[in-house]
Amino acid sequence: MEPTKFVYMDHAATTPVHPDALEAMLPYFSQLYGNPSSLYTLAQDGAKALDDARQRIADVLGCRGNEIIFTSGGTESDNTALRGAASALKHTGNHIITQTTEHHAILHACEELEKSGFDITYLSPDKTGLITPNQVEQAITEKTILVTIMMANNEIGTVQPISEIADVIKEKSSKLSRNIVMHTDAVQAPGLLDINLRELQVDMLSLSAHKFYGPKGVGVLYVRRHTPFLPQQLGGSQERNRRGGTENVPGAVGTSIALEIASREREASVEHCLRLRNKLIDSMLKIPGTHLNGHPTERLANNVNISFDQVEGESILLNLDFSGIAASSGSACTAASLEPSHVLVGIGLQAQMAQGSLRLTLGRGNTDEEIDYVLSLIPKMVERLRSMAPQPLP
Amino acid sequence: MEPTKFVYMDHAATTPVHPDALEAMLPYFSQLYGNPSSLYTLAQDGAKALDDARQRIADVLGCRGNEIIFTSGGTESDNTALRGAASALKHTGNHIITQTTEHHAILHACEELEKSGFDITYLSPDKTGLITPNQVEQAITEKTILVTIMMANNEIGTVQPISEIADVIKEKSSKLSRNIVMHTDAVQAPGLLDINLRELQVDMLSLSAHKFYGPKGVGVLYVRRHTPFLPQQLGGSQERNRRGGTENVPGAVGTSIALEIASREREASVEHCLRLRNKLIDSMLKIPGTHLNGHPTERLANNVNISFDQVEGESILLNLDFSGIAASSGSACTAASLEPSHVLVGIGLQAQMAQGSLRLTLGRGNTDEEIDYVLSLIPKMVERLRSMAPQPLP
Amino acid sequence: MPKYNAIIMDHFQNPQNVGEFEDADGIGLEENPICGDKTQIWIRVHDDLITDIRFKTQGCAAAIATSSVCTVHAKGMALEEAKSLSPNDVANWAGGLPRAKIHCSVLAADALRSAISDYEKHPR
Amino acid sequence: MPKYNAIIMDHFQNPQNVGEFEDADGIGLEENPICGDKTQIWIRVHDDLITDIRFKTQGCAAAIATSSVCTVHAKGMALEEAKSLSPNDVANWAGGLPRAKIHCSVLAADALRSAISDYEKHPR
Ligand SMILES: Cc1ncc(COP(=O)(O)O)c(C=O)c1O
Ligand SMILES: Cc1ncc(COP(=O)(O)O)c(C=O)c1O
Chain A
-10 MEPTKFVYMD HAATTPVHPD ALEAMLPYFS QLYGNPSSLY TLAQDGAKAL
40 DDARQRIADV LGCRGNEIIF TSGGTESDNT ALRGAASALK HTGNHIITQT
90 TEHHAILHAC EELEKSGFDI TYLSPDKTGL ITPNQVEQAI TEKTILVTIM
140 MANNEIGTVQ PISEIADVIK EKSSKLSRNI VMHTDAVQAP GLLDINLREL
190 QVDMLSLSAH KFYGPKGVGV LYVRRHTPFL PQQLGGSQER NRRGGTENVP
240 GAVGTSIALE IASREREASV EHCLRLRNKL IDSMLKIPGT HLNGHPTERL
290 ANNVNISFDQ VEGESILLNL DFSGIAASSG SACTAASLEP SHVLVGIGLQ
340 AQMAQGSLRL TLGRGNTDEE IDYVLSLIPK MVERLRSMAP QPLP
Chain B
-10 MEPTKFVYMD HAATTPVHPD ALEAMLPYFS QLYGNPSSLY TLAQDGAKAL
40 DDARQRIADV LGCRGNEIIF TSGGTESDNT ALRGAASALK HTGNHIITQT
90 TEHHAILHAC EELEKSGFDI TYLSPDKTGL ITPNQVEQAI TEKTILVTIM
140 MANNEIGTVQ PISEIADVIK EKSSKLSRNI VMHTDAVQAP GLLDINLREL
190 QVDMLSLSAH KFYGPKGVGV LYVRRHTPFL PQQLGGSQER NRRGGTENVP
240 GAVGTSIALE IASREREASV EHCLRLRNKL IDSMLKIPGT HLNGHPTERL
290 ANNVNISFDQ VEGESILLNL DFSGIAASSG SACTAASLEP SHVLVGIGLQ
340 AQMAQGSLRL TLGRGNTDEE IDYVLSLIPK MVERLRSMAP QPLP
Chain C
216 MPKYNAIIMD HFQNPQNVGE FEDADGIGLE ENPICGDKTQ IWIRVHDDLI
266 TDIRFKTQGC AAAIATSSVC TVHAKGMALE EAKSLSPNDV ANWAGGLPRA
316 KIHCSVLAAD ALRSAISDYE KHPR
Chain D
216 MPKYNAIIMD HFQNPQNVGE FEDADGIGLE ENPICGDKTQ IWIRVHDDLI
266 TDIRFKTQGC AAAIATSSVC TVHAKGMALE EAKSLSPNDV ANWAGGLPRA
316 KIHCSVLAAD ALRSAISDYE KHPR
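Keeping their order, the protein sequence lines are chains A, B, C and D.
As numbered in my numbering, residues -10 to 383 make up the first sequence, in order.
As numbered in my numbering, residues -10 to 383 make up the second sequence, in order.
As numbered in my numbering, residues 216 to 339 make up the third sequence, in order.
As numbered in my numbering, residues 216 to 339 make up the fourth sequence, in order.
Hints listed in this document are in silico derivations from the structure and should not be mistaken for laboratory results.
A hint or two may mislead.
Calculated cross-link-like contacts (lysine-lysine; reagent style DSSO-like; alpha-carbon spacing at most 27 Å) [claimed, not checked]:
(1) B/Lys37 / C/Lys336
(2) B/Lys79 / B/Lys104
(3) B/Lys(-6) / A/Lys37
(4) A/Lys104 / B/Lys79
Just a sample of chain A residues kept apart from chain C, beta carbon distances all over 10 Å, derived [said to hold, decoys possible]:
(5) Glu160
(6) Arg187
(7) Pro217
(8) Gln299
(9) Gly302
(10) Glu328
Glycine residues also receive a C-beta, built at the ideal position from the N, C-alpha and C atoms.
Put together the whole structure using the sequences plus the hints.
Structure representation (structure tokens):
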């Protein structure tokens, strides 16, 4: 039963490298391979490519080239932001604010900071996944040094009012005349949300290239000028002494081209995804015993997250895979751990409902035909799995 | 004055990606791009490629696949090894042994550990760059938890008696019935030295792919089973919970192919480099006022490091670059810092001699003609620069 | 992600003995409190043998497939033998399970045991 | 690595006024104690003007090129004016230096000043 078609609806997990990004990378593997730290022409070509990539990214984000640090991915960016700011500010306070539905790259780094003496407040979002600027404001104490709230959630797609939250923090920060650093994990944003650092009052921001049609293993950490920050990866003097290690030149080049394309095509892509997404949501909610997870409108244009009563996520994913459809679930049985998605639990779902969740995340390549194909299969799959389930106890 | 030829003699800085490695990587950028943590077929193809790459590396190194952690480079591997072992063992002791001539990825990580309460012993090598097993043994105290000594030095090429050092530590370790973890930075070894982890009694070992014709931005950290180790990059459950973050599948694949080739061609390549290296050294030492840095025989087959009296390194590098030759120097003027190479200073060179150093590191692609070309130019360059130098004060 | 073997995949796609008996001699229901998977087993018993068997499972592929495998092997088995089946036996029949999925094979063996004990408590 | 401008590269490859005068009116030698670069300058003086000048430098491209640039500009200059030259003046004549190389331009101005003071102390 080999799949006859292939329909990729897991763009929040990863994306293919855009052909233009890959093409831009290719010369830097085996031809212009010089180490940017070296003196000679070959190496200066690499150094220039790296500088250009950095500036390209800065131009998209609305910041300066020297505020961009290349990392190895979203996880390193998140870990580094938190550790970098916390260690730089630990003499001024030890309180950090985040929310329960952040990515594990944030949550696990917070847990580690807790062990070394930091106090973490984990805000609870409402049942749509939203937290309010007021919630953040209330949580600030005279020891608060860092707030990290993601721009958009990777599982349920809820988009936080990050600009308002940042404003509140900057206000509080100047009222208390203390430095409170604001970080946002924007890994899910590129190509879907506008990021303009001239207006957005965040001090740090994380990106991961493979989420926006760039290469895996490359991340970006934006650190606004004058932000208290101690480097975490220590070695050579690369990245203006903020991250040691020979630079991944092709990776940086590919990332910059992918980000530029994502930004350029954002509006068209959002419009396209939104239409397909709404079609998916509307049709799937017609199946009895279904529930939309996340916010009805404050959600990423490409995110569908639905729970099915009496169905387990992995089973539906495998059935979809048999039909050539790639999707994801917050079910514990699809994770290495035995816990269902902390995000779904974090917005108050019963473990049971978290088990039955299905996430479809769209990309600019998805078509109406693909949506119709998926919609033609899901009701039958759900029905069949339900017919195999024991009746709920009365 | 555009270079008419191009002669690359800086293989210790970086190497071009081997065409076979690049070819093996290509399908994983835009076609088999699935996130290995996902369930569906596309992602399982990525997961399998990653597993195969891991096993390929394990087979070359003589260890198990699950002892291999993919990282973002030599620097991350080094930082992670030190922090991972130190944090896991800090309740049993706080003493770490290293040497003054390690790479900055080791030294700067040690300095950071010092700030958080660890005691570091920096052993001084002799003037050839060697340290002895006895020196290490003498330095061990009842608080020693970790020893890190590089396999071969990146600047002067000195090859340490790493196997004897490891044996001494294992002996001491069992005599004291305490865990003393042995790490080695083997970044400069692949393709030049044999690494066989069945025999070599190290617990951890770092590699960086771009030093052996693999891609930039990928490293390997070997962690022997049962070695006390706490993960440093925290996020998802990738790499068996030892390093969070979406895996760089093409990077891992390219690394494994490059390492396999480096290992397969090692003997031929060593023979080739050794002959060219000796020709370079012998001829250059005939120039008056030259000195070989490092060990005459216990040195990497591809490493030439020579100091010229009354000449500054950057000037010679630029002259070489004008003639299309890529090389490196331990001169302060080629570094972002104002200090001359800590390695050359570490083996007792006067700052003045460190300034005048030239490093040529060969690869399997270098030819006799290239050596002759370089040798035809260097004496003239040195002579010209010397003629421009003020006479040393009497 | 766990990689399933061909036996599991086959039983997941074509599970055997799915359904229920209105007139079962014994019924057992087990639920995994952590991941929420549920298996219910219905048995018919004659002369201390399991003459027929049905199951329903809500859960992942491993839970569904091991239930199916278990019923296939349990059909025709003496009650005494069936009572002493371990999750390991079920996992072995299924050709082995990914490590993270071992707990799934517990459900089928447990549900079968509880169906037998239901029968023994209330023989119909 | 520092990226040099065309003026620096040109003066590095074709330095002007390299050499020495056996019969100089003033000689100055300066050394950077940190990086070990050295510049020595020989001047000929007539009517309080620098009528001719030579230099030797051991150092990086920036050190050699700024020495050359400095001698080109100092030739024909009044002693008073030459005495008050700052490293900044030299760096500007050279079209600017990479940040890490600013300290190199100090050598030429300093060596020139010390050649003038050598002349003033022992006018020949
Ligand atoms: C919101 C968010 N943050 C961080 C990450 C981590 O990125 P990476 O896996 O590329 O390290 C991801 C994706 O896995 C994500 O979705
Ligand atoms: C001996 C040694 N260790 C560590 C490193 C760091 O490797 P990377 O720059 O790939 O992070 C290098 C090279 O720069 C090296 O030569």
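Hint by hint, which ones does this structure get wrong, listed from lowest number up?
1, 8, 9 and 10
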